[in-house]
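Visitor: Sequence:
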Amino acid sequence: MKSTADGVPTEQVEPEAIPRLGTTWFDRGAGYWLRRIAHGCFQLALLLFAGLVVTAFYAGFWEAVGVPRSARTAVYAVTAVACLLSLVAGFVRTRRAPVEIPTPEQAWREHRSRQRRNAASAVGGRWTLLLLAPVLPAIVAWAIGTWAAPALARRTAAEIGARQDYERRVREQEDRAEAARPLPPRNRAERRHGRR
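For the sequence shown, this note's numbering gives the first residue as 2, with consecutive numbering after it.
Since the hints were made in silico from the structure, they are not lab data.
From a predicted model like this one, the values you see are computed outputs, not experimental measurements.
For every residue, glycine included, the Cβ atom is placed at its ideal position computed from N, Cα and C.
Among the hints, erroneous ones may be present.
What the hints assert, rightly or not - Okay, the calculated beta carbon distance ranges per label pair:
no.	residue 1	residue 2	range
1	Leu45	Val76	21 to 29 angstroms
2	Ser114	Ala150	17 to 25 angstroms
3	Arg118	Val14	28 to 36 angstroms
4	Glu111	Ala57	28 to 36 angstroms
5	Ile38	Thr74	37 to 45 angstroms
6	Phe58	Glu12	54 to 62 angstroms
7	Ala46	Glu12	38 to 46 angstroms
8	Trp109	Glu64	42 to 50 angstroms
Build out the structure end to end from the sequences listed, making use of the hints.
Guide: Put into C-alpha cells, the structure is as follows:
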C-alpha cells in the first residue's frame, strides 16, 4: 500500500483479467501480441479446416446426387460467387455491428456461455449438416468473414470494456483519497490554534 504526501494511504489498482488475454491487455507487450496472434491463427486454422471438410463434403454430395460434370462446374461457379459474397457480407456486417462494451465480469460470463452453446450445437447439428449441404461452403465463408472482423480489429470489445472499468476504478480510488485528505486551514486563527 502506497501513501501520498499527506500521509493518506492509497492502493494500487490492478487491471482485471479478460478471457484469452488475461491482464496482458493492459500494457500490450510481447505476451499480449503472442496470445492474440496465436489465438487468431488457431481460429483461422480451425475455420480453414472446416472449409476444407465442407468443400470435400460438398463435392461428394453433388457426385452422389449424380449431377453431370458440366452442370457441376456451373454449380461450383455459383457456389464460389456465393462464398465470396457471404465472406464479404459476414466481414462487413460484423465490422459495422454496434458493439456492446462488456465489463470484465460480463466478458467472462459470455465466454462461459459461448463454450456451453458450442458443445450443445456440436452434438445437435449433425443432421442439419446433411440438410444444408448445398449451401455449406457459403455458410463457412460467412463464418470466416465474421471471424476476421474482430480478429483484425485494433482492440477487442473486452479490452475496451476492461480499460474503461480500470479507468473508472482509478478515478474512484483517487476520489476516495481526495476525500480522506484533511482540509487546509481557512484563516490565521485556524493555522495557529487548529480547528474548533
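Visitor: Hint by hint, note whether the structure agrees.
Guide: Here is how each hint holds up against the structure:
{"no.": "1", "hint": "Leu45 / Val76: 21 to 29 angstroms", "verdict": "holds, 27 angstroms"}
{"no.": "2", "hint": "Ser114 / Ala150: 17 to 25 angstroms", "verdict": "holds, 21 angstroms"}
{"no.": "3", "hint": "Arg118 / Val14: 28 to 36 angstroms", "verdict": "holds, 33 angstroms"}
{"no.": "4", "hint": "Glu111 / Ala57: 28 to 36 angstroms", "verdict": "holds, 33 angstroms"}
{"no.": "5", "hint": "Ile38 / Thr74: 37 to 45 angstroms", "verdict": "holds, 38 angstroms"}
{"no.": "6", "hint": "Phe58 / Glu12: 54 to 62 angstroms", "verdict": "holds, 57 angstroms"}
{"no.": "7", "hint": "Ala46 / Glu12: 38 to 46 angstroms", "verdict": "holds, 43 angstroms"}
{"no.": "8", "hint": "Trp109 / Glu64: 42 to 50 angstroms", "verdict": "holds, 46 angstroms"}
When each numbered hint is compared with the structure, no violation occurs for any of them.
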